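**Student:** Chain by chain, the residues run as shown.
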Amino acid sequence: HGASPGRGAGPEASELCETDELAALLRPDTGASDQGPVRYEADAAQSTPERASLSGNVEVNRGDQRLLAPRLELDRKTNIGYATEGAEGGTPQFAFRAKKAEIALDQNVGHYDDAEYFMGRSNAQGSAKKVVDDRDKAVTDLDQATYSTCKRGDELWQIRADTLKLDYNTGRGVAHDATVAIGGVPVLYSPYLSFPITDERQSGFLAPRLSSSSGNGFDLALPYYWNIAPNQDATLTPRVITDRGFQLGTEYRYLGTRGSGEFYGEYLPNDREAERDRGMVDLRARGAWFPGLSSSLIYDWVSDDDYFRDLGNQLDVVDTAYLQRTFDTTYAVPFGGVLLTRFQGYQTLDAPDLKRVPPYSRLPQMVYFGGWDHGLLRYDLRTEVVAFDHPTMVTGTRFDIEPAVSLPLEWSYAFVRPRVAYRQTQYQLDYPGNTGATNDTSPNRGAPILSLDSGLIFERPLGFGDSAFTQTLEPRLYYLRVPYRRQGDIPVFDTTLVNTSFNALFYDNRFVGTDRLGDANQLTTAVSTRIIGAADGRERMRLSLGQIQYFEDRRVALGADQLVDTGSSDLIAEGQVTLGRDWYLRIAAQWDPHNEEARRNAVDLRYRGERGAVFNIAYRYSNRGDPPAQGAPADTDQIDFTGVLPVNPRWRLFGRWNYSMLDEHVVDTFAGVEYSDCCWAVRMLGRQYRDYPQDEEAKNAFFLEFELKGLSSIGAGVDQFLNKSILGYTHPGSTSRY
Amino acid sequence: AASARALPEDRQQPVNLVADRAELNQNTGVAVYEGNVVVTQGTMRLTGDKVIVYTKNGEFERMESFGKPTTFKQKPAADKEEMFGEALRLDYSATTGVVVATTKAKVTQAKDVFTGDRIEYDVNKDIVRAQGKPNERVQIILQPRPEGGTAPAAPAKPQAGTPAQPKK
Amino acid sequence: CGFQLRGQANLPPDMARTYIKIGPGAGPDLATGLRRALTVNGVTVVDDPKAATATLEVSNEAVRRRVIVKGPGGTAQEYELYYDVTAAVTRANGTPLLPAETFHQSRDLQYDEAAVLGRDSGEILARRDMRQDAAWALLRRLQALAAQR
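Protein chains in written order, with the numbering used here: chain Y, 1391 to 2128; chain R, 72 to 239; chain X, 10 to 158.
Don't take each hint at face value.
Said to hold, decoys possible - Here are the simulated DSS-like pairs of lysine-lysine, each with C-alpha atoms no more than 27 Å apart in a straight line:
| id | chain 1 | residue 1 | chain 2 | residue 2 |
| --- | --- | --- | --- | --- |
| 1 | Y | Lys1467 | R | Lys182 |
| 2 | R | Lys139 | Y | Lys1467 |
| 3 | R | Lys204 | R | Lys182 |
| 4 | Y | Lys1745 | Y | Lys1490 |
| 5 | R | Lys139 | R | Lys175 |
| 6 | R | Lys127 | R | Lys175 |
| 7 | Y | Lys1467 | Y | Lys1490 |
| 8 | R | Lys182 | R | Lys139 |
| 9 | Y | Lys1467 | R | Lys127 |
| 10 | R | Lys177 | R | Lys196 |
| 11 | Y | Lys1527 | R | Lys175 |
Derived from the structure by calculation, the hints contain no laboratory data. All values derive from a computational prediction rather than experimental measurement.
Working from the sequences, and respecting the hints, build out all of it.
**Tutor:** What follows is the structure, encoded as structure tokens:
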């Protein structure tokens, strides 16, 4: 369970910006309707059925709108008020001061000339030759307008546009014939410009990213956002890389009622370093055909193996060398259960000195799993048919079925769950080349799986200070019996060791996947204790301890049979505690009693402070033992400090120090600083990292990101990298959940 | 637009006065009525605690009315809605057809409501002039016109009046 | 040391007949887990919303990954899986019994980098365990609310 949801975000706009002079004109949003009577107030008034003229501090109130003017002439026939000697006013979103104003009461539209305006939610200000504020349509049109979130008169950046439409329904502003000036100097002209005008985190445009690194030289990216329709948008990112050439990135997003999708693509014609065209594609889509039947697609492609290392602008942590192509269709079967049909393949990327074996493709896989309750009994069925394909290794079709019946008895203080299942697996194999002769092309395996899970729940009240808690003590016993079946001649398609964890102590197979069914005659003994808030029922602390006693030696292994005669499993301990709202500690330990050494230790300490202060420590130690358990991940011994330190509302520091004791050097470290002003922010970050932890050479990279607040896209470049690297990092003005 | 004339019939209608006490001064032509005073003339109706009526050679000229508040009601023209007025003091001139309400004055004309320190209502020209004072500004509530301009008022029925008889 | 067998822990009486609504972004197997947990605690799960005294809506089930350890092959060897689900219980008359609340769970998964297919099946198991823990945490919350009555 992550740390308590993030509290206190980064600096709020209000702290950094002086309040605009027009801000006081904004009206409270009481939701009052504009359709009610219009209330006027003045020092003096004269009214006839045709005409009313008010003078002396005239005030007009209608719903949540208010207008102030020295004089107001009201034509009662057309119901239009004319304030010819200047006027100012406001609605909950929009405030203005103008030389002349006309309010068309019946159409609920205000026309203001030579106006200055201020918008509350996006903290934006500007001026305009002509403003038409249509309250009913919630749209404000401005001619010859300027727009900026900077302090009035001291705009670091400003949009000057022929026309500007502020649409509160979509929360977007659209400028036509717009020029963006930075420091007063026009930087960019664009016939069309769209940006968010509410405070929600919407992508805007123009967050230039400048970076430099060995291998790429200077790298300037200039994203450009195009809001095609309320449910579609696109971001074009031209990018100049001095050592390589010009690259274009495009992102297109579609959100429909029955489906949605995101396409991201990059294309770099003739990369000078690699002397070839390069590109990548990341396509995600999902849709519901009709209730109960939905599909999802993931398709990744990259032109060459080093693409991510060279062009992943060093910011994306490469978290896979296997690019997935998966098309899933899930069907909720009327009589219960779910049928999943999957077509899946991978593009395998080799590392410079590591030729990777491509994984099997599933062309297709069909899995049905269902569960029915009948009185106290529960019936479960899982059946699967899958065709595995591979360029070089053995291929074949596997059929697997596992019906099960269980009697889950549960009371508030105890539970008993006996379960009986039978698993039958059948293969139809096709060995490439001449090895077919010696191998069994249609092995099969069938075995019963018997398990009895039981546990008691004890409780006692507990008091810490003035708050009351309940502490539980939960002993648990789990017996598993699976007779041995020879499986050495069955190829491993999708199977590996289960992830050792406290939960895994109660799994009915020590392998994950179908190609191995672990023989078992064992008893898991475990105990957990939790501390739960008596009033809110929220868990504050949990500590679990467990171990398996083996009554028979195990023989089934990932490869050929391998006799393991240890009498008990590693001792597994897991614990987590949430201290107040700020601190969260989690530990996991796995102790090998036979060799008397730790197999795995993991410690996570997380602190969430005020104003987005974040501090995390993650320590990981794992030791596969000698000989290393087959299929277990490589040994690790590393510690990872990450943090965000808000020095004051304007300055924030970021840092990471990820040191591998095994390799005795830093795997990834960066330090960054962010200065954020009222309407702009700049982030600088220096990074030293290794693509492979064991590399001797480290790579350096430097990033500079310049953000125009309220205009530029959020979550680009450095901000996205920090979000991925520092758990709990929040962009200024938003809150994180972790 | 032609200024709407008060209903001609009002000017010729007899003035009817009811009060608890009355004090008549023949030669000055000033009569003072006190206590639940009700003055009616055609569609005009005025109430007040104390009303001073000024007549000139037997012709009703003007009156001053005081009350908490003193109220005034009249139908300015056949096609106009009734107009209501109230204040602590009302001055009504029959000759000019102008009503002046002073202190905590409130005038309602065709569902529009005017409040202020001093409000003048010219019945003939159908003009309302309002004047505020520093901490008591003129307040006006104008009903949003239903689609298609001002609503036609219902045709007025002439009222049968009874001759004014000062009661001792 | 004061421990005794846990006493009767019932759910809020308003949930006597509960309809489980799968909101946007929530999978069917979460609903089956909740159905079992509610039935065991004496609540009848009804299929017709109109016959229900309360509606339990689960939505926005999300799973996210974060790399923790990079293996010698340059790719993730250990990553953290985050599971979120939002649950809310509203009475038949529309008043909230449990305002919408997000339940978090997380698991560390360690895999040999090459075990791509194995990793996916391992994730399915981890996801199932996290769903059960989230359902358990929701029940404890509801039982605490009932106890406060």
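**Student:** Now, for every hint given, state plainly whether the structure supports it.
**Tutor:** Structure-based check of all given hints:
1. Lys1467/Y with Lys182/R: Holds, because 15 Å separates the two Cα atoms, which is no more than 27 Å.
2. Lys139/R with Lys1467/Y: At roughly 36 Å apart (the allowed maximum being 27 Å), Lys1467/Y and Lys139/R break the hint.
3. Lys204/R with Lys182/R: holds, 24 Å
4. Lys1745/Y with Lys1490/Y: Answer violated: Lys1745/Y to Lys1490/Y is near 74 Å, above 27 Å.
5. Lys139/R with Lys175/R: holds, 10 Å
6. Lys127/R with Lys175/R: Judged against 27 Å, a Cα distance of about 30 Å means the pair is violated.
7. Lys1467/Y with Lys1490/Y: holds, 21 Å
8. Lys182/R with Lys139/R: holds, 23 Å
9. Lys1467/Y with Lys127/R: violated, 41 Å
10. Lys177/R with Lys196/R: holds, 19 Å
11. Lys1527/Y with Lys175/R: Outside the cut-off at roughly 40 Å; violated.
Of the hints listed earlier, those the structure fails to meet are numbers 2, 4, 6, 9 and 11, in rising order.
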